[in-house]
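Line order of the protein sequences matches chains A and B. Read in order, the letters of the first sequence are residues 0 to 729 in numbering that gives the first Met the number 0. Read in order, the letters of the second sequence are residues 0 to 221 in numbering that gives the first Met the number 0.
If you're looking for bench data, these hints aren't it; they were derived computationally from the structure. Small disclaimer: the values here were computed from a predicted structure and weren't measured. Hints should not be assumed to be uniformly reliable.
[Said to hold, decoys possible] Selected chain B positions facing chain A (in silico; Cβ < 7 Å):
no. : residue
1   : Pro8
2   : Gly9
3   : Asn11
4   : Asp15
5   : Gly53
6   : Asn108
7   : Phe109
8   : Cys111
9   : Pro138
10  : Ala140
11  : Phe147
12  : Leu153
13  : Arg188
14  : Arg198
15  : Ala203
[Claimed, not checked] Across the chosen pairs, the derived CB separations fall in these ranges:
no. : chain 1 : residue 1 : chain 2 : residue 2 : range
16  : A       : Ser260    : B       : Glu207    : 35 to 41 Å
17  : A       : Pro297    : B       : Pro185    : 44 to 50 Å
18  : B       : Ala22     : A       : Leu393    : 57 to 63 Å
Beta carbons: idealized from backbone N, C-alpha and C, even for Gly.
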Amino acid sequence: MSHINDTEITDAVVAEHGLTPDEYQMVCDHMGRTPNYTELGVFSVMWSEHCSYKSSRKWLKKLPVDGPQVIQGPGENAGVIDIGDGYAAVFKMESHNHPSFIEPYQGAATGVGGIMRDVFTMGARPVANLNALRFGHPDHPKTRHLVAGVVSGIGGYGNCIGVPTVGGEINFDKSYNGNILVNAMCVGVARTDKIFYAAATGIGSPVVYVGSKTGRDGIHGATMASAEFDDASEEKRPTVQVGDPFTEKLLLEACQELMASDAIIGIQDMGAAGLTSSSVEMADKGGVGILLDLDEVPCRETHMTGYEMLLSESQERMLMVLKPGREPEAEAIFARWGLDFAVIGELTDTGRMVVTHEGQTIADMPLGPLADGAPEYDRPYQATPKASEFDAGLLSGAPDMAAALATLMASSEIASRRWVFEQYDSMVMGDTLAGPGGDAALVRVHGTQKALAISTDVTPRYCFADPIEGGKQAVAESYRNICATGATPLAITNCLNFGNPERPEIMGQFVGCLEGMGEAGRALNFPVVSGNVSLYNETNGTGIFPTPAIGGVGLLKQLDKAIGNRFTENGLEIYLLGNSNGHLGASLYQRDVLANDEVFAPPPVNLESEAAHGALVRRAVDKGLLSAAHDISDGGLAVALAEMCIGHNIGAEIIAEGDIGFWFGEDQARYVLAVTADKAADLEALADGLPLSKIGITTGTELKFGDTVTISVEQLHELNEGWFPALMQG
Amino acid sequence: MQASVIVFPGSNCDRDVAVCIEAAMRKAPLMAWHGDSDLPKSDLIILPGGFSYGDYLRCGSMAANSPIMREVVAQAKKGAAVLGICNGFQVLTECGLLPGVLMQNKGLNFVCRDTRLTVTNNKTAFTAQYDAGEEITVPVAHNEGNYFADDNTLKRLQDEDRIAFTYAEGDNPNGACLDIAGICDPSGRIVGMMPHPERRAEAALGGEDGKRMFSGIVEALS
Chain A
0 MSHINDTEIT
10 DAVVAEHGLT
20 PDEYQMVCDH
30 MGRTPNYTEL
40 GVFSVMWSEH
50 CSYKSSRKWL
60 KKLPVDGPQV
70 IQGPGENAGV
80 IDIGDGYAAV
90 FKMESHNHPS
100 FIEPYQGAAT
110 GVGGIMRDVF
120 TMGARPVANL
130 NALRFGHPDH
140 PKTRHLVAGV
150 VSGIGGYGNC
160 IGVPTVGGEI
170 NFDKSYNGNI
180 LVNAMCVGVA
190 RTDKIFYAAA
200 TGIGSPVVYV
210 GSKTGRDGIH
220 GATMASAEFD
230 DASEEKRPTV
240 QVGDPFTEKL
250 LLEACQELMA
260 SDAIIGIQDM
270 GAAGLTSSSV
280 EMADKGGVGI
290 LLDLDEVPCR
300 ETHMTGYEML
310 LSESQERMLM
320 VLKPGREPEA
330 EAIFARWGLD
340 FAVIGELTDT
350 GRMVVTHEGQ
360 TIADMPLGPL
370 ADGAPEYDRP
380 YQATPKASEF
390 DAGLLSGAPD
400 MAAALATLMA
410 SSEIASRRWV
420 FEQYDSMVMG
430 DTLAGPGGDA
440 ALVRVHGTQK
450 ALAISTDVTP
460 RYCFADPIEG
470 GKQAVAESYR
480 NICATGATPL
490 AITNCLNFGN
500 PERPEIMGQF
510 VGCLEGMGEA
520 GRALNFPVVS
530 GNVSLYNETN
540 GTGIFPTPAI
550 GGVGLLKQLD
560 KAIGNRFTEN
570 GLEIYLLGNS
580 NGHLGASLYQ
590 RDVLANDEVF
600 APPPVNLESE
610 AAHGALVRRA
620 VDKGLLSAAH
630 DISDGGLAVA
640 LAEMCIGHNI
650 GAEIIAEGDI
660 GFWFGEDQAR
670 YVLAVTADKA
680 ADLEALADGL
690 PLSKIGITTG
700 TELKFGDTVT
710 ISVEQLHELN
720 EGWFPALMQG
Chain B
0 MQASVIVFPG
10 SNCDRDVAVC
20 IEAAMRKAPL
30 MAWHGDSDLP
40 KSDLIILPGG
50 FSYGDYLRCG
60 SMAANSPIMR
70 EVVAQAKKGA
80 AVLGICNGFQ
90 VLTECGLLPG
100 VLMQNKGLNF
110 VCRDTRLTVT
120 NNKTAFTAQY
130 DAGEEITVPV
140 AHNEGNYFAD
150 DNTLKRLQDE
160 DRIAFTYAEG
170 DNPNGACLDI
180 AGICDPSGRI
190 VGMMPHPERR
200 AEAALGGEDG
210 KRMFSGIVEA
220 LS
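Generate the whole structure from the sequences, applying the supplied hints.
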């Protein structure tokens, strides 16, 4: 039988591996010879867009990544921030878009599993999962199937491993018809003195493989994630990995047990590009070399080639480097949890990755070029043209206010996500203070009086109309959602989903969104500590809306001060914080009430106001003034008020007067605040010149706007709850 | 008193329930490993929620055959109080300490939400601190919570007053027969229930309706 390395490297073979002729020439230069088939495979995954960030690196460098709260910024498995008293929050968000479109259950499940491994690899115990999901138009024939599969997969994995799924967001838009987005975020908690990193040091230290056995699943997953889709993509189903949350639960517990000792030098999960990327990254970060003997790799299939073992993306596996001599105690822990444990190599001083299999050296490559040698592309980009302002002429003949509000409450973007989140265990671990449905989720730091506030946000239609303002807005909305609970925003992770970067207009969206995100992050002291880029989100040449999802994390130092976003009693005074300019461009009102999809400029973001208004809300919560607070976003003020009524079936009489733009405009930096009458004066004094005005009072079971518009809260509730189940029933 | 929480591979509510027991007993329970064939004599044994052995076979069936369960059954027969929550309830039916079976939810989906429960029997070892007929709110989180038994068994459960909790009218999340949320053995010392009282045992988590399960059993055994 001929060896796979006997395969001749032709132009076609190179193209199949997703390398351009120029890139292949660079590989040959680094190698000093023609690579063999295995080496070509390794280079191709390490240099894939997914692993190398070759199109995005130049722009990612411009994001703010520093701050006194940052312990570890981008570049590790996850970001780490200080939350005081010796605790750290460890978090990241990652995409699993392509696999989820092809096989929604397993694609979403393994996305959740992968992001949790990124977090617990760092020494943290995962405490919360969130998911930012984008599906195609509700009427598209695939949408229901994809929603059902993705939701079931997220639940299937998270529920089993026992980490609560506490929040997230869902959008529906036709731009995702052929390319859904599944972005999974995980937040963990660690002790600041027990953070684990990937870097492997110590020549001769054993390289250890733990977890599940290696199969043929997921080979070239990273390469698939770096290409556009076409009609034949569903034939790629075999490259979707299969998740086993039970094994991951065992792996989590075993790793936590071993991490309590000091036996581990470095640890890295085997995610995209599996054994290849984990070993390359560990050895390269440690400035050493690595020798792998594939005969020692636990396999679940027979006759696997070295190429397959190196590129397999089988799930629930970890690679670690132990202190020499500590193997027996580590093996005992993994054996107790019923997991594979194998010493598969050692660190060397060669600066090379050398791989042996069946007595032969099947690959011998320099580590530096593998890890960092991928070309950095400065792709040409074309800035998105400025959209024109909203055409007020469209409002002639607009429906009356009650009808408009009814439409929005049952809109695909605003309708209650109960059908989804009731399939997620949001309470396991006993620390969920506020689960799905709030502005931000609140999760207690176990055994303390602190809580983490967590939210995922982006408004893709804004990003499409104006990438810079849209990028700012995504960060600002995350900031607002965290402030609305009373927590202080600390840092963000991001998941940057875009189309094909080789098209200048797509690259222009990317550059614009990052510019906006960077500006907002700097202005709000809300740095990026981890993230992921997913490009080539296109099918048959149609790109998605630019979707830079933001996952924000904040800290509430005293959890008993937390507030929710629902009216809690009758007689509360209702205040509007922030300026209302009636901005209807790119609003949900434009899309769903006017049924108009022209591109108009989205609301501009004033970052000074965001910071000032957020600080006011936090101070007011800290002083115990507020009963409820809600950020104003999709659907504007009227929708925010309706949502606040629904929670406890408490109505409101609104005395403020305004036009369509006032009620449904999506001006930024705004909140609705509710206070008991005895605290209203204190709130007004605290505002100290910021735009704060009383707009009404809570009372009864109807939402009344002046004397003319009255809608029962029960009706609003039914509209809001009815849409999702009706969609899924078909 | 000695309390033990059994830890199966895949248990994921073991810590949550241990927190509640410790709060009630002012002493941490023993965390007992599934693979051990010895269990120190325990007055109270908890089978926690989760996905024991991944629940890749029928839920709870692998756990019911684990070494530790021989000890649990033996001690239960000698009078230990046993509480099985969610997956623990499934294990109790699989090992024969309680009758019936937990089938897949009628709606075919996992369901996690608050449910209103009626305490139908306040004479079990765990429910003495509730009023008979009291309505409490406790969440469920399961995919297989649809309690089923044949008619004779259901009749016997009713006749012997062995239905501990029912879902309040209109709030049955899984299609369970007779709206059954929890049952007990004839002695009232072995209770299995799908809802999670350990998730509703402190005000910060939304209420304390579940707390009296733990304070009640500790009071009864102390």
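Against the structure, the hints:
Interface restraint check: Pro8 (chain B) against chain A, minimum CB-CB distance 6 Å, threshold 7 Å, status holds. Checking Gly9 (chain B) against chain A: minimum C-beta separation of about 5 Å stays under 7 Å; hint holds. Using the Cβ-Cβ criterion of 7 Å, the hint placing Asn11 (chain B) at the interface with chain A is satisfied: the shortest such distance is roughly 2 Å. With a cut of 7 Å, the hint placing Asp15 (chain B) at the interface with chain A holds, because the nearest CB-to-CB distance is about 4 Å.
The restraint placing Gly53 (chain B) at the interface with chain A holds, with a minimum CB-CB distance near 3 Å, inside the 7 Å limit. Evaluation of the Asn108 (chain B) hint against chain A yields a held restraint, the C-beta minimum of about 5 Å falling below 7 Å. Because the closest C-beta pair between Phe109 (chain B) and chain A is about 5 Å apart, less than 7 Å, the hint holds. Given hint, Cys111 (chain B) at the interface with chain A, holds; its Cβ is 5 Å from that chain's nearest Cβ, closer than 7 Å.
Against a cut-off of 7 Å between C-beta atoms, the interface hint on Pro138 (chain B) holds, since the closest Cβ of chain A lies about 6 Å away. For Ala140 (chain B), the suggested interface contact is upheld, since its CB lies about 5 Å from the closest CB of chain A, less than 7 Å. Hint status for Phe147 (chain B) relative to chain A: violated, with the closest Cβ pair at about 22 Å, above 7 Å. Look at Leu153 (chain B): its Cβ only gets to about 28 Å from chain A, farther than 7 Å, so that hint breaks.
Hint status for Arg188 (chain B): violated, given a least beta-carbon distance of 25 Å to chain A, over 7 Å. Interface hint status for Arg198 (chain B): upheld, as the beta-carbon distance to the closest one in chain A is roughly 5 Å, under 7 Å. A least Cβ separation of about 6 Å between Ala203 (chain B) and chain A falls short of the 7 Å threshold, and the interface hint therefore holds. Taking 35 to 41 Å as the suggested C-beta distance range, the pair Ser260 (chain A) and Glu207 (chain B) conforms, at roughly 38 Å.
Between Pro297 (chain A) and Pro185 (chain B) the CB atoms are about 49 Å apart, so this pair conforms to the stated range of 44 to 50 Å. Take Ala22 (chain B) and Leu393 (chain A): their Cβ atoms lie about 60 Å apart, and the range 57 to 63 Å holds.
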